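Enquirer: These protein sequence lines map, in sequence, to chains A and B. Residue numbers for the first sequence follow the numbering used here, so the first one is 1 and each next one is one higher. Residue numbers for the second sequence follow the numbering used here, so the first one is 1001 and each next one is one higher.
A hint or two may mislead.
[As the list claims (entries may be wrong)] Here are the simulated BS3-like pairs of lysine-lysine, each with C-alpha atoms no more than 30 Å apart in a straight line:
#1 Lys-214/A <-> Lys-1052/B
#2 Lys-71/A <-> Lys-94/A
#3 Lys-1013/B <-> Lys-214/A
#4 Lys-71/A <-> Lys-1011/B
#5 Lys-71/A <-> Lys-3/A
#6 Lys-162/A <-> Lys-214/A
#7 Lys-1052/B <-> Lys-259/A
#8 Lys-3/A <-> Lys-162/A
#9 Lys-3/A <-> Lys-1012/B
#10 Lys-162/A <-> Lys-78/A
#11 Lys-76/A <-> Lys-94/A
#12 Lys-3/A <-> Lys-78/A
#13 Lys-162/A <-> Lys-1013/B
#14 Lys-1011/B <-> Lys-259/A
#15 Lys-78/A <-> Lys-214/A
#16 Lys-3/A <-> Lys-76/A
#17 Lys-214/A <-> Lys-76/A
#18 Lys-162/A <-> Lys-94/A
I should point out that these hints are in silico values taken from the structure, not numbers from a laboratory. Bear in mind that the values here come from a model prediction, so they are computed numbers and not experimental data.
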Amino acid sequence: MAKIVVVTSGKGGVGKTTTSAAIATGLAQAGHRTAVIDFDVGLRNLDLIMGCERRVVYDFVNVIHGDANLKQALIKDKRVDDLYILPASQTRDKDALTQEGVERVLQELSADFDYIICDSPAGIERGALMAAYFADEAIVVTNPEVSSVRDSDRILGILSSKTRRAEQGEPTIPGRLLLTRYAPERVERGEMLSVDDVREILAVDLLGVIPESKAVLSASNAGVPVIMDVESDAGQAYQDAVARFLGEDRPHRFLTVPKKGLLGRLFGG
Amino acid sequence: MSFFDYFRAQKKKSAQVAKERLQVIVARERVTRNGPDYLPLLQEELLAVIRKYVEVDNDAVTIQLDREGDCEVLELNITLPDGRGR
Ligand SMILES: Nc1ncnc2c1ncn2[C@@H]1O[C@H](COP(=O)(O)OP(=O)(O)O)[C@@H](O)[C@H]1O
Ligand SMILES: [Mg+2]
Chain A
1 MAKIVVVTSG KGGVGKTTTS AAIATGLAQA GHRTAVIDFD VGLRNLDLIM
51 GCERRVVYDF VNVIHGDANL KQALIKDKRV DDLYILPASQ TRDKDALTQE
101 GVERVLQELS ADFDYIICDS PAGIERGALM AAYFADEAIV VTNPEVSSVR
151 DSDRILGILS SKTRRAEQGE PTIPGRLLLT RYAPERVERG EMLSVDDVRE
201 ILAVDLLGVI PESKAVLSAS NAGVPVIMDV ESDAGQAYQD AVARFLGEDR
251 PHRFLTVPKK GLLGRLFGG
Chain B
1001 MSFFDYFRAQ KKKSAQVAKE RLQVIVARER VTRNGPDYLP LLQEELLAVI
1051 RKYVEVDNDA VTIQLDREGD CEVLELNITL PDGRGR
């Protein structure tokens, strides 16, 4: 039985797709059979971030409608074993995902995978609810910024009341916070909410802090999940997050401005 | 301390302002979240009625929903400014 993990946020553009790609890749690299599903019907971005956009033949909605089976629609990653992508449909019909259809696909995947990562669309309506409904765990992606934090709190409310687990009276899923686009120098200047501020407001477990990083754009340009850029700060921060997700206890890094060495102080800007 | 530093020290850091605003709004939204859907509207309309008579802040009306046995108790708190009507 697979563990179903939703990557969600409420607000758009905070790093859900970047995170879904990185976490799924990291889990597969750790030897877990992982499928990552793009729930953002109509937009479809995950395939680009994963670098498999030219191999998309069938999509999630095709499978739900029975136009293709899962084997035909799943794209096997060429770099990492045990990693599969189920792309979103580009249909404009927002209601193309039905609860029964989603349930059937997740059930079928469950038999064959260890983890299913659901990349949620923005918002707190139908699409986002659908991505979260069957989840066993949630990663709440948040930027250190007022509207993102507020939306994350709303999503945490939804996770505790509107999922299948909540409706069936089972223990609700523990949402874990992933604070992304964190800029320590701005935090130190008092211009940006600190990780402690956000934790205090949302009162949830912290899965990780991903720094604002140029590596993310380069990775998306190339279609390589940023976690594979092992030299980069963001890549390493995502590796830590995956390790924590799998139960390892790792200290948080990239929370402070690196001290400049002597040369840096002499010549640095 | 220079003239400019003085003003800088006086001004609250924007992150601190953000944190305080978030704490207020999140606390408000959590109260009404698990209650019936009409709570936020009820809160707004009450505020509008009160404003016919007194000038009050947006957070002058607070609603708390509690459960006592099988009874739901709706607790309303209205904070009026000190003794001034319109
Ligand atoms: N840690 C980061 N550093 C810099 N840019 C980032 C970071 N995370 C995400 N981004 C950028 O933010 C934008 C939105 O990211 P995306 O993952 O598509 O968000 P979402 O799926 O939540 O809409 C993209 O341009 C992405 O490159
Ligand atoms: Mg996205």
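Enquirer: Now tell me, hint by hint, if it's right for this structure.
Expert: Now for the hints, and whether the structure bears them out:
no.	hint	in the structure
1	Lys-214/A <-> Lys-1052/B	violated, 54 Å
2	Lys-71/A <-> Lys-94/A	holds, 24 Å
3	Lys-1013/B <-> Lys-214/A	holds, 27 Å
4	Lys-71/A <-> Lys-1011/B	violated, 60 Å
5	Lys-71/A <-> Lys-3/A	holds, 20 Å
6	Lys-162/A <-> Lys-214/A	violated, 36 Å
7	Lys-1052/B <-> Lys-259/A	violated, 58 Å
8	Lys-3/A <-> Lys-162/A	holds, 18 Å
9	Lys-3/A <-> Lys-1012/B	violated, 45 Å
10	Lys-162/A <-> Lys-78/A	violated, 37 Å
11	Lys-76/A <-> Lys-94/A	holds, 26 Å
12	Lys-3/A <-> Lys-78/A	holds, 23 Å
13	Lys-162/A <-> Lys-1013/B	violated, 37 Å
14	Lys-1011/B <-> Lys-259/A	holds, 27 Å
15	Lys-78/A <-> Lys-214/A	holds, 25 Å
16	Lys-3/A <-> Lys-76/A	holds, 19 Å
17	Lys-214/A <-> Lys-76/A	holds, 28 Å
18	Lys-162/A <-> Lys-94/A	holds, 19 Å
Consistency note: the structure conflicts with the earlier hints numbered 1, 4, 6, 7, 9, 10, 13.
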